[in-house]
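Trainee: The primary structure of each chain is shown beneath.
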Amino acid sequence: SQQGEEDPQALSIQEGENATMNCSYKTSINNLQWYRQNSGRGLVHLILIRSNEREKHSGRLRVTLDTSKKSSSLLITASRAADTASYFCATFIEAGNNRKLIWGLGTSLAVNP
Amino acid sequence: DAGVIQSPRHEVTEMGQEVTLRCKPISGHNSLFWYRQTMMRGLELLIYFNNNVPIDDSGMPEDRFSAKMPNASFSTLKIQPSEPRDSAVYFCASSPGPRYGYTFGSGTRLTVV
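Order-wise, the sequence lines are chains X and E.
Residue numbering for the first sequence follows the working numbering, starting at 1 and increasing by one per position.
Residue numbering for the second sequence follows the working numbering, starting at 114 and increasing by one per position.
Excised from the complex, chain E in its bound form:
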């Protein structure tokens, strides 16, 4: 298995632009998680899906952030409009279920200028 695949690896965009981050979880994993990591705040859970259904989105910072999981093999995290404070590394992770260990993707480093 290729693991959790995220794209793009790096994204530089101007403030106000829309940003879409993509994730392909490991086949057979029922849970998918989006995290944001910064030096100041560490690792923050944004949203998690179980069987493609959003279960907890309380970590989504504000309405500018949205996430979808149209099927078991694909998820997107969208920021519209983007702001400089959104600059961070965004990780997607998947697991067989919420009680199991997670497999993380390599992350997307987002820079909003």
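Looking at chain X on its own, in the form it has when it is part of the complex:
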């Protein structure tokens, strides 16, 4: 089963509205990362939040992490049509020599002009 699961799978909003995407995971993590992927392109790293951090900001992006609930959320404020993309969370787990970044299946965001 997936370590990281994004919710919702798809989201459609109007330009100017806020978009919130959630990610849940199962095991303890070292950090959690959010990426964006535009259609036909590679993934772009947005924010990395470490397990001892609770909130991080980058421009219009705000990421929260609740390790007790094993969940994270990505908030995009004042969305623009250019924010239309798929958004993935990835959890970095480290157990001895086993280090892995495990990906969810993504949330598809459509921002309508």
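Note that these hints are calculated values from the structure, not bench results.
No experiment lies behind these values; they were computed from the predicted model shown.
All C-beta atoms, glycine included, are put in the ideal place defined by N, C-alpha and C.
Be aware that one or more of the hints could be misleading.
Distance condition first, Cα-Cα at most 25 Å in a straight line; then the derived DSS-like pairs of lysine-lysine [claimed, not checked]:
(1) E:K137 - X:K100
(2) X:K100 - E:K191
(3) X:K26 - E:K137
Label-pair ranges, simulated between beta-carbon atoms [unchecked claim]:
(4) X:E53 - E:T151: 31 to 37 Å
(5) E:T189 - X:G40: 29 to 35 Å
(6) X:L61 - E:R135: 31 to 37 Å
Position chain E relative to chain X; hints supplied.
Mentor: Frame of chain X; chain E shown alone:
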């Protein structure tokens, strides 16, 4: 920096042919990752290298797949012989280390007919 550079961008080949995908990571990044992305299975890690040494190749589907990193600035992923089910987008990514965010290349879209 030009980012992670992958070639070719598109490859169409016949079943049974050998396919070689190439990647140039960002200078100074010690970790390099090969991923495969399909609609059905999402993003799958095939193999990752740290300091040019393969660390985890458990995601390589079968013996038809092989990857090399002869030096810090170049890696190849080879499929021989190729099969239609190998059709996917293959991404290369690099990072300063496994705990850091990744920079992805633009991907190679492989179609095996």
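Trainee: If any of the earlier hints don't hold here, list their numbers in rising order.
Mentor: 3 and 5
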